[in-house]
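Q: Numbering (our numbering), first residue to last: 31 to 425.
These are calculated hints, taken from the structure and not from any lab test. Bear in mind the structure is a predicted one, so any value in this text is a computation, not a measurement. A few of these clues could be false.
Said to hold, decoys possible - For lysine-lysine, the following BS3-like pairs were computed, each having C-alpha atoms within a straight-line distance of at most 30 angstroms: (1) LYS126 with LYS225; (2) LYS91 with LYS202; (3) LYS126 with LYS91; (4) LYS333 with LYS363; (5) LYS417 with LYS55; (6) LYS202 with LYS333; (7) LYS202 with LYS55; (8) LYS55 with LYS333; (9) LYS363 with LYS55; (10) LYS225 with LYS202; (11) LYS91 with LYS333; (12) LYS363 with LYS126; (13) LYS91 with LYS363; (14) LYS202 with LYS363.
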Amino acid sequence: MPASDSAVDTGFDWFSPEVIRDPQKYDGMIREAGPVVYSPQYDVWATGRHAQIELMMRDWKAFSSTRPAFEEVGQPMILLSDDPPDHQRVRTVISKGMSPAVLRRMQDAFEQAADQIVRSLLDAPDGIIDGHTDLAKAYVLTVFPDAIGLGDNNREMLIRFGHAQFNMFGPKNEIYQQSMDEAFEVFEWVAVNCKRDMVQPGGICMAMYEAADTGAVTQEEAEILVRTLYSAGSDTTIYSLGNTLRALAEFPDQYQLLRSDIDEFSVRAFEEGIRYDNPARFTRRRATGSVDVDGTELPEDAKILLLHMPGGRDPRRWENPAAYDITRDVVNKHLGLGFGVHACVGARVARLEGVSLLSALARHVRSIELAGEPEVTTNMAVHGHEKLPLRIVPA
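Build the full structure now, drawing on both the sequences and the hints.
A: What follows is the structure, encoded as structure tokens:
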């Protein structure tokens, strides 16, 4: 229950199908309702303002990742649900698996795959492609499983697993139940394919088990880290790329600016895409004690949702926030990849994927535009496309 009479209730279900399909609209209403807003339906607080979100991300002692809202008992997620010192110990292991030196060895393969996929679409009938399926999804499912060492064993399962895992971040409503019903075989597949003898040598997953051999983590923790790579390494990057492709189609001047200097603007185009239309709807925190948030007192153990999407368009932080602008100074300043001890551990991989694909697109495609109405996914914790019809004109 609220600890302060200044708590605000928006009056709508934060997890209805209508709301989760249009989070920019509804989460933006939460942002404008107050610095923190309370849902009596779920006994959960939320903030959609950049300053409050960044503060809560950075202060893990006051805003803990342990025991968050809608916690799924029996699903260990040591990177997401632990705080230091345990968090830092396992984070160090997975960070080494995705270090700059490791990614430099992968860069050529990532860039070549991007080039091949874009070139393969240049002869599409009438130039019509699906930016989600043909570009973003096809690319990530080519390079990411190779990087982690999954091999060719039903890569589509990574998407289905991630979709189910992210729906577990919300309440146990009909969307959750349908997702769990559809995911039974997915969980069975993951249980088999995250074992040591199923991953390829030389990949990031095997590096987790090799770290266990040294005692840096336990064998059980290594397997959980592999599960984390399976669940969180594909969906958000695919959605980031799809959301950015849509933005470039809707802001054609920015696409032409990208083409004018690819080396200068490819990173900015990807990072601005994350600010403009973040694929992660929210992350979760818990107040470790009673705390004042800009005039509203949160009680101890208050469960809090940090709403990334409206934070990315918060007019208190960003000038002209509803415009996609690749000249904007956003790198390491937007909320999309996090701050502090819980910053996105896979950020380097995501950036390499994003820059590689956008660079290849800008080299080979003169223009892109929407060729129909996009269809968005139905998920409580992530936002992206199921269909993104685009028309491309070869350079």
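Q: So if I understand the rule, the pair passes when the alpha-carbon distance is 30 angstroms or less; does LYS202 with LYS55 pass?
A: Holds, at about 23 angstroms.
Q: Check whether the Cα positions of LYS333 and LYS363 lie no farther apart than 30 angstroms.
A: Roughly 25 angstroms between the alpha carbons, so the hint for LYS333 and LYS363 holds.
Q: Checking one constraint from the list: CA of LYS417 to CA of LYS55, max 30 angstroms. Satisfied?
A: 20 angstroms, holds
Q: Starting from LYS225, check that the Cα of LYS202 is at most 30 angstroms away, please.
A: 29 angstroms, holds
Q: Holds or violated: are the alpha carbons of LYS126 and LYS225 at most 30 angstroms from each other?
A: Holds - the C-alpha atoms of LYS225 and LYS126 are around 20 angstroms apart, at most 30 angstroms.
Q: Holds or violated: are the alpha carbons of LYS202 and LYS333 at most 30 angstroms from each other?
A: 16 angstroms, holds
Q: Has the given pair, LYS363 with LYS126, been kept, meaning a C-alpha gap of at most 30 angstroms?
A: 24 angstroms, holds
Q: For LYS202 and LYS363, compute the direct alpha-carbon distance and say whether it is at most 30 angstroms.
A: Roughly 33 angstroms separates the two Cα atoms, so the pair is violated.
Q: Need the status of pair LYS91, LYS333: alpha-carbon distance at most 30 angstroms?
A: 14 angstroms, holds
Q: When you check the alpha-carbon spacing of LYS55 and LYS333, does it fall within 30 angstroms?
A: 22 angstroms, holds
Q: Quick one, are LYS363 and LYS55 close enough, alpha carbons at most 30 angstroms?
A: 23 angstroms, holds
Q: Mind checking the alpha carbons of LYS91 and LYS202 for me, to see if they're no more than 30 angstroms apart?
A: 28 angstroms, holds
Hint 14 alone, counting from the list given before, is not met by this structure.
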